[in-house]
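Visitor: Just so you know, the protein sequences line up as chains A and B, in that order. Residues in the first sequence are numbered from 1 upward in steps of one, following the UniProt record's numbering. Residues in the second sequence are numbered from 1 upward in steps of one, following the UniProt record's numbering.
It is worth saying that the hints were derived from the structure and are not from the lab. Among the clues, some could well be false.
Restricting the straight-line Cα-Cα distance to at most 20 Å, the calculated cross-link-like pairs of lysine to any residue (SDA-like) are [what the hints assert, rightly or not]:
| hint | chain 1 | residue 1 | chain 2 | residue 2 |
| --- | --- | --- | --- | --- |
| 1 | A | 198 | B | 11 |
| 2 | B | 193 | A | 208 |
| 3 | A | 99 | A | 192 |
| 4 | A | 198 | B | 3 |
| 5 | B | 193 | A | 99 |
| 6 | A | 99 | B | 128 |
| 7 | B | 193 | A | 192 |
| 8 | A | 193 | B | 6 |
| 9 | A | 99 | B | 122 |
| 10 | B | 99 | A | 122 |
| 11 | A | 193 | B | 4 |
| 12 | B | 198 | A | 198 |
| 13 | A | 193 | B | 5 |
There are 2 protein chains.
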Amino acid sequence: MDASGPFSDEERAAVYRCIYSRRDVRGEFLPDAVPEDVLQRILRAAHHAPSVGFMQPWDFIIVQSRATKARLHEAFRVANDEAAAQFEPDRAAAYRRLKLEGIRDAPVGVCVTCDRNRAGAVVLGRTHQPDMDIYSTVCAVQNLWLAARAEGVGVGWVSIIRPEDLRDVLGIPREIVPIAYLCLGYASAFHEKPELEKRGWATRADLDQRLAWERWGGARTGPDHDV
Amino acid sequence: MDASGPFSDEERAAVYRCIYSRRDVRGEFLPDAVPEDVLQRILRAAHHAPSVGFMQPWDFIIVQSRATKARLHEAFRVANDEAAAQFEPDRAAAYRRLKLEGIRDAPVGVCVTCDRNRAGAVVLGRTHQPDMDIYSTVCAVQNLWLAARAEGVGVGWVSIIRPEDLRDVLGIPREIVPIAYLCLGYASAFHEKPELEKRGWATRADLDQRLAWERWGGARTGPDHDV
Numbered sequence: 001m002d003a004s005g006p007f008s009d010e011e012r013a014a015v016y017r018c019i020y021s022r023r024d025v026r027g028e029f030l031p032d033a034v035p036e037d038v039l040q041r042i043l044r045a046a047h048h049a050p051s052v053g054f055m056q057p058w059d060f061i062i063v064q065s066r067a068t069k070a071r072l073h074e075a076f077r078v079a080n081d082e083a084a085a086q087f088e089p090d091r092a093a094a095y096r097r098l099k100l101e102g103i104r105d106a107p108v109g110v111c112v113t114c115d116r117n118r119a120g121a122v123v124l125g126r127t128h129q130p131d132m133d134i135y136s137t138v139c140a141v142q143n144l145w146l147a148a149r150a151e152g153v154g155v156g157w158v159s160i161i162r163p164e165d166l167r168d169v170l171g172i173p174r175e176i177v178p179i180a181y182l183c184l185g186y187a188s189a190f191h192e193k194p195e196l197e198k199r200g201w202a203t204r205a206d207l208d209q210r211l212a213w214e215r216w217g218g219a220r221t222g223p224d225h226d227v
Numbered sequence: 001m002d003a004s005g006p007f008s009d010e011e012r013a014a015v016y017r018c019i020y021s022r023r024d025v026r027g028e029f030l031p032d033a034v035p036e037d038v039l040q041r042i043l044r045a046a047h048h049a050p051s052v053g054f055m056q057p058w059d060f061i062i063v064q065s066r067a068t069k070a071r072l073h074e075a076f077r078v079a080n081d082e083a084a085a086q087f088e089p090d091r092a093a094a095y096r097r098l099k100l101e102g103i104r105d106a107p108v109g110v111c112v113t114c115d116r117n118r119a120g121a122v123v124l125g126r127t128h129q130p131d132m133d134i135y136s137t138v139c140a141v142q143n144l145w146l147a148a149r150a151e152g153v154g155v156g157w158v159s160i161i162r163p164e165d166l167r168d169v170l171g172i173p174r175e176i177v178p179i180a181y182l183c184l185g186y187a188s189a190f191h192e193k194p195e196l197e198k199r200g201w202a203t204r205a206d207l208d209q210r211l212a213w214e215r216w217g218g219a220r221t222g223p224d225h226d227v
């Protein structure tokens, strides 16, 4: 098969199914080990993300030890208490009822980092948008997330943690930027809808309200407008 | 079919094929219009990206007019001249031989932006990592890119352009952050490898060199390490 050719209807449907059924998993991690070959496939998908100037600025720290997870969970707990205190009382109560991480439940943690100096001072495509290396690293996270979904492996992104604590616990040097701490493990279920939608925290926006034509706020034009 | 269940081997293979055959397209755009329903499917995939606190901070400006594309191309040209001047002479010559954008060739442009205030001052999951809204928007870009690949539509991310010029041309308000300007169109071909790799600009890193265990630089542990 020529990988560079068109996709069949079935292949296209599989890609959309993956995109639509991917979830942020926090409460459904099974204790089953993720086999080495499965984890490698998921990381390889991340490694094949687009990157500015092909700089591939990412690294992956794989966390499996209970002791490391316990330290990360404690850092989450401190941050989460601070976070809850920032909401109005009703919202804070709802916040505290949500399960927002699976650090200790998930068999594997993956910290994705960005080495901003990897390709030297001048990077093709980054001269006018210096954060393109960070964006490339986030593209790697999304590839990882989708590949994991296709493997039946759930992923939860833990952002309620101070980056300094991630650095401390994982020994990340000052010049490296931690982008994401991800919890990975086989999931007993993938929710039909995002949990924050299901639990009434927020609602899905109408896509039409997010579209504009030709300029910010511009009204819809036809598909062949001025082409 | 229950979308939340496991993927078949064929479905999983389709997802990996999409991830591995996605390319940054600059020189292979066909003039054929991208039908409205195809563009909608691609944008809907972007809209179903993960977002911090389910804030869905993105908006999409769809560009079809030749006049708008011409202005954006001029902004690219100015930035690209400045960029070329930053490289050492040999590298600069190689840089100038690369085709780095398809702004006028691609029938559709999509500018993806981030509204940092969309969900108010306190956002679940963003209290300790304020850039999570930007990262969410980049996840939407990657979803868009993969969905487009499955549709046979090429995407090129134009980052050699000043964000202020994107704002000017597209009327983007000061409080909104332009994240990506993407060129979209059916592609005559998807290169087997990234163009920058094919043309010798940079090489693919060895994934093994990007992995560490338990901490930055940590040596490999077994799959059941301390679990």
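Visitor: Each hint should be assessed against the structure and marked as holding or not.
Guide: We went through each hint and held it up to the structure:
1. 198/A x 11/B: Since the Cα atoms of residue 198/A and residue 11/B sit roughly 27 Å apart, the hinted pair is violated (cutoff 20 Å).
2. 193/B x 208/A: Measuring from Cα to Cα gives roughly 35 Å; hence the hint is violated.
3. 99/A x 192/A: Holds - the C-alpha atoms of residue 192/A and residue 99/A are around 17 Å apart, at most 20 Å.
4. 198/A x 3/B: holds (16 Å)
5. 193/B x 99/A: Violated, at about 41 Å.
6. 99/A x 128/B: Since the Cα atoms of residue 99/A and residue 128/B sit roughly 17 Å apart, the hinted pair holds (cutoff 20 Å).
7. 193/B x 192/A: violated (36 Å)
8. 193/A x 6/B: Judged against 20 Å, a Cα distance of about 16 Å means the pair holds.
9. 99/A x 122/B: holds (18 Å)
10. 99/B x 122/A: holds (18 Å)
11. 193/A x 4/B: Holds. Residue 193/A to residue 4/B sits at ~10 Å (cutoff 20 Å).
12. 198/B x 198/A: violated (46 Å)
13. 193/A x 5/B: holds (13 Å)
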